[in-house]
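J.: Residue-level listing of the chains:
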Amino acid sequence: MFASILDIIIDGLFMGGIYALLAMGLSLQYGVARVLNVSHGEFIMVGAFLTLALHTGLGMNPILTLVIIGPIIFIVGYLLHRTLFSALLKSSPSTEVFEGKSLLATFGLLFIIQNVAVLIWGSATRSYSYLASPVEIAGAITSLNRMVTLGITIAIGLAFYIFLARSRMGKAIRAAAQDPATAGIMGVNINNVLALCFGFGLLMAGIAGVLYSMCFGFYTTMGLGFTIIAIIVVVLGGLGSIPGSFIGGFILGIVGQITNTFEAELTLAAYYFIFIVLLLVRPKGIMGK
Amino acid sequence: MQYLLTSICSLCMVYSGWFIDRLLGKEKRGKWLTSGVLLLTLALVATLPVYGTSYAPILMTTIILYIILAVSWTMFSGPTGYMSLATAAFFGVGIYTAAFMAGDFPPPVFILVGGAASFILALGVGALTLRLRGIYFAIFTFGLVELIRHVLAFIELHVTGTRGRFVFGVDNETIFYYMLGVFVLLMITAYFLNRSKFGLALRSIGEYEAAAAHTGVNVTMVKIVTFAVSAFFMGAVGAIWATKLHYVDPGIAFNPLFTFIPVLMAIFGGMGLLYGPIIGAAFFTLLKEFLTTTLAKYGLGELYMLFFGVILVAAILFMPNGVVGVIQRLTQKWRKGGPVEEHADT
Amino acid sequence: MSKRLLLIPLALLLVFSLVAVSCDGDADVTTTPPPTETTVPPPDDYDTRTSIVIGAARPISGPLNMIGDYALGPLLDIWVDQINAAGGLYIDEYDRALPVELIIYDDTSDLGTMTTLLERLILEDQVDFIMPPCSTAFLYAAAPIANEHGYIFLGGEGGCTTLTALLPDLPYVFGVLNYSDYHQIPALADLFVEWGVETVAYIYIADLHGIEYAHTSESEFLLRGIQVVYSEGVPPEAVDLTPQLQAAMNSGADAFCAYTYPPISIFVYGQAMGLGYNPDVFVIGPGANFQFYYAAFGPMTEGLIGFGAWNRQTSPEANALVDLMVAATGDAGLALYGDEEGFLDWWGQLFYYGALQFFEQAIVEAGTLDQAVIRGVMATSTFDTCLGPTWFDMRDGGGGLLALECHPGQVGQWQNGIYEVIGPAANATADAIYPKPPFPAP
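Protein chains in written order, with my numbering: chain A, 4 to 292; chain B, 10 to 355; chain C, 31 to 472.
Just chain A, with the same shape it has in the complex:
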């Protein structure tokens, strides 16, 4: 009667991939830039609606829209940090104060982005069909767009990890994450690095939005739910740990799919339950140091 174990794993990995991207983005913003960005989920919504506009308006392939939407959202994030958050950083006496202020500022952003989106795109649920045909994998049935999405999320996750581990910029980001003050002394332009991290963070949400729109319907008020999930995953993986967020995303995806299969109404309750237990037992998360 129920979906098979393989079905659960495949769909869990797919949802997990989207969560992983979102959480990696949030992890960059919080772990490095110290902004717990509550408006993070709004950018998955923005990504989805931009894809719809490019796909139905200009007939572009949804996957190709990544090339346009990605840079746009990255630039928005970079500029947001260079203006709003660096001003807050300058006026805050301590990291704690900055965390509090920036959290509230992102609440403001949430309301602004969401309501501007409603003015532009209305409130109804939108969707389009792309690669919505079944594929069979070892007896389990899933849809082609989900498999494509899963592939892209894994590729992006790995590429970003290599970028962090190998490139000069990646090393600067990691240095800033560990100790911003020292990194500054060592010749890293700290403001620039923080803004880049914020931009990369939003970029991840934007990419998740493009991929999400290929598989699901979307609407302008959906962002907050994703932010909450991203926060849960980030805590699960360990605040500030990028690989932790990536793995945590997949774990939450699979756990979610298991509850969804056996008691759908408790899926979100299960997320919060895991999250609350984790905070109490191991607040550092699975990969935290």
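Some clues are possibly wrong.
If you want a taste of the chain C side facing chain A, the calculated C-beta under 10 Å gives, among others [to be verified]:
(1) Leu94
(2) Met96
(3) Ile121
(4) Ala277
(5) Ile294
(6) Ser295
(7) Tyr307
(8) Asp310
(9) Phe320
(10) Phe322
(11) Ala325
(12) Gly328
(13) Met330
(14) Gly372
According to the in silico footprint, chain C covers these stretches of chain B (three or more CB under 8 Å from chain C) [unchecked claim]:
(15) 173 to 187
(16) 235 to 242
(17) 249 to 262
Some chain C residues flagged as far from chain A (calculated, every beta-carbon gap over 12 Å) [said to hold, decoys possible]:
(18) Leu119
(19) Asp284
(20) Ala357
(21) Asp400
(22) Gly418
(23) Asp426
(24) Gly427
(25) Ala458
Just so you know, the hints here were simulated from the structure itself, not pulled from any lab data. Even glycine gets a Cβ: it sits at the ideal position worked out from N, Cα and C.
Given chain A, work out where chains B and C should sit, using these hints.
T.: For chains B and C alone, coordinates are given in the frame of chain A:
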């Protein structure tokens, strides 16, 4: 007309907050005089149903609701610096308590029980989480609203077999007086909390927690109790508010907007002093009423949340101590060389 | 010292408030006298009245806007424009036609705001009539308030058995829309019998609305010997429904129903396409009844069933309503969906508009703005509207429901981009397609 009357009444409430602030402050002069004014202003609010239109007390009830939520949030989060995002959870517990009890019990009973239920929940949550770092606490409390909502919805569906409960309306004037009564109680509580050693301990936690702990303050205990007291008020007004809703289900009772909006109101008003959140709450509630009704035909109701966001970001950037901070700066400039006294500490 | 100072005014205040509370026992809870049919003397404002004011608290912003703007919302404006274009409503006791003025407040999709604004409309603005808010829960909350103040309350987007049970105590409430056991699920089940459907799987949104459809389904299907092989509740926040779809698929049921509303109604169909799940009967509602559903899925909707139902062929009046809607919302529909009918709702809009036209004629017939008199006319009269001859079935001297005979249809099906009425047979605008054809290649 109703704007004028409710604005005046809101100013009266701001005044009563300011009065308590003043009592707590160092300045000793003229208290006899001002306590007479306090009595007068509160009487002005309390008689609103007599001279106002029949809608004025209804609007005022909403304003006082937000004032209580914002002030009780500030009561804990202001001095300690812990960002609680559980307001909607405690408010919702109050609403749901009333939904369970309203048919069989008179309002004072379910208001008290609603407050007590939130108080107990907050004690539990506080005991579990107030040892955590601030940011974890914020995230945890944020999840709490959703957890309760989903579990409750599940229980209602599978165990009690209902979803959605009727709460029969209590007449508007009675609701208004209950709301006002809770406000007065909150002001008295805020006063004694600040006067006591407890308040001193609370402020020292906000300033430097480790030092407070070393001086023998039971840091966790102080935090937990304050958190629970603030939750009591949120729950009590939730129970009152349920009678205005008429129909309650978990989605309606546990609405995360009731977390965000009081926080934003408090930030806008300024968290250092009692009258700050009152200003914020009154201002935004009246603004909302104006935008969603009088200006609704121009489509401006839709812009309410947008305005909210813009004002919030601007306030954080340019008014770090809220309206209160601006007022203090202006009065200091006006006094020119008078004793400089900085109240707001955030 | 200062402690004592503070206590004196506070004690006084407490005493004062207690006195005030105890005094207001006999406050302004007006009980409206039972409807009478006596002719009234000229009203006090005979010379000064310039218009009839109608007010409503509607979700102009917030999540409920997703439904409100695509259902009753635009019709209110159209209706008022139509009346005013014809010179207003002729009210006998004023000996002249009065134009209608519409006040819409934004309840921001918050229930507490809605009830407060409704009271503002009644008490502060003293509007002559009110119109309903949006969604079943909001109707639930608003109906007793309107009734208590003696305001006629026409139903809007929503309706349920539970509210119907309360109707005997709510004489001013007139339910408009059809719903689960009135008479949608029975009509659907009859079609199932006709097609030889033996097994059904369904999912439902775990709230008032979904649970009611699930319960009604269980009993109506059982009654007809149709077996329910799978049923599962999903939360209103559900996004991924593949486990439920796979379970339904594995159950091998002939028919699959999703008693959900948007956005879930959109998710379900997109994911079913992804899984290639295409049972003989596929029902989604509410959701499939909106024109924007066709905008989202296009030809993929072929054979999809939803509730409702009406369309241009239902009657010439229905056709005229579509034209009115297109004139009012066509540009917005084109901009959002590339479809000038993008704001059409093939479930409720004909019901709502029929009820509005009924209400309008009842006011004129009563010749007064007195709610009690108009209510009496509404309870006993039949008027011609876009629904044809229209009347309300009254419940035990209480409120009423739009009579079943007036419904333009209960079940609809997408056929070639048109939402055809397929059940009950008397209302059908086309033959049903059974079984549902395979999804066309994209």
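J.: Hints first: check each against the structure and report whether it holds.
T.: Against the structure, the hints:
1. With 10 Å as the threshold, the beta carbon of C:Leu94 comes within range of chain A, its nearest partner Cβ sitting at about 9 Å, so the hint holds.
2. Proximity of C:Met96 to chain A holds as hinted, the smallest CB-CB distance being about 5 Å (cut-off 10 Å).
3. Taken as an interface hint, C:Ile121 does not check out: its beta carbon lies about 37 Å from the nearest beta carbon of chain A, beyond 10 Å.
4. Proximity of C:Ala277 to chain A holds as hinted, the smallest CB-CB distance being about 5 Å (cut-off 10 Å).
5. The closest approach between the C-beta of C:Ile294 and any C-beta of chain A is roughly 9 Å, which is under the 10 Å cut-off, so the hint is satisfied.
6. The criterion of a C-beta within 10 Å of any C-beta in chain A is met by C:Ser295, whose closest approach is roughly 8 Å, and the hint holds.
7. A cut of 10 Å between beta carbons decides the hint on C:Tyr307: the least distance to chain A is about 8 Å, and the hint holds.
8. Interface hint at C:Asp310: violated, since its Cβ lies 18 Å from the closest Cβ of chain A, which is beyond the 10 Å cut-off.
9. Given the 10 Å rule on beta carbons, the hint for C:Phe320 holds: about 8 Å separates it from the nearest Cβ of chain A.
10. Annotation: interface hint on C:Phe322 holds; nearest CB of chain A at approximately 6 Å, less than 10 Å.
11. Annotation: C:Ala325 was flagged as interfacial toward chain A, and the flag holds, the nearest CB pair being 9 Å apart, inside 10 Å.
12. Interface hint at C:Gly328: satisfied, since its Cβ lies 8 Å from the closest Cβ of chain A, which is below the 10 Å cut-off.
13. Interface hint status for C:Met330: upheld, as the beta-carbon distance to the closest one in chain A is roughly 6 Å, under 10 Å.
14. With a least beta-carbon distance of about 9 Å to chain A, the hint placing C:Gly372 at the interface is held under the 10 Å criterion.
15. Given a C-beta distance limit of less than 8 Å, the hint that chain C covers the region 173 to 187 of chain B holds, as 9 residues qualify and 3 suffice.
16. Here's how the region 235 to 242 of chain B fares: 0 of its residues keep a CB closer than 8 Å to some CB of chain C, so the rule of at least three is not met and the hint is violated.
17. Proximity of the region 249 to 262 of chain B to chain C, defined as three or more residues with a beta carbon under 8 Å from a beta carbon of that chain, is established by the 8 residues found.
18. With a minimum CB-CB distance of about 32 Å to chain A, C:Leu119 clears the 12 Å threshold, and the non-interface call stands.
19. Every Cβ of chain A is farther than 12 Å from the Cβ of C:Asp284; the closest lies at roughly 16 Å, confirming the non-interface assignment.
20. Annotated as non-interface, C:Ala357 keeps its C-beta farther than 12 Å from every C-beta of chain A; the closest such distance is 19 Å.
21. Interface exclusion of C:Asp400 from chain A stands, the closest Cβ pair being 38 Å apart, more than 12 Å.
22. With a least CB separation of 31 Å from chain A, C:Gly418 remains clear of the 12 Å interface cut-off, as annotated.
23. C:Asp426, annotated as away from the interface, keeps every beta carbon of chain A farther than 12 Å; the closest lies near 37 Å.
24. Listed as outside the interface, C:Gly427 is consistent with that label: its C-beta sits roughly 40 Å from the nearest C-beta of chain A, beyond the 12 Å cut-off.
25. No Cβ of chain A approaches the Cβ of C:Ala458 within 12 Å, the least distance being about 29 Å, so the stated non-interface status holds.
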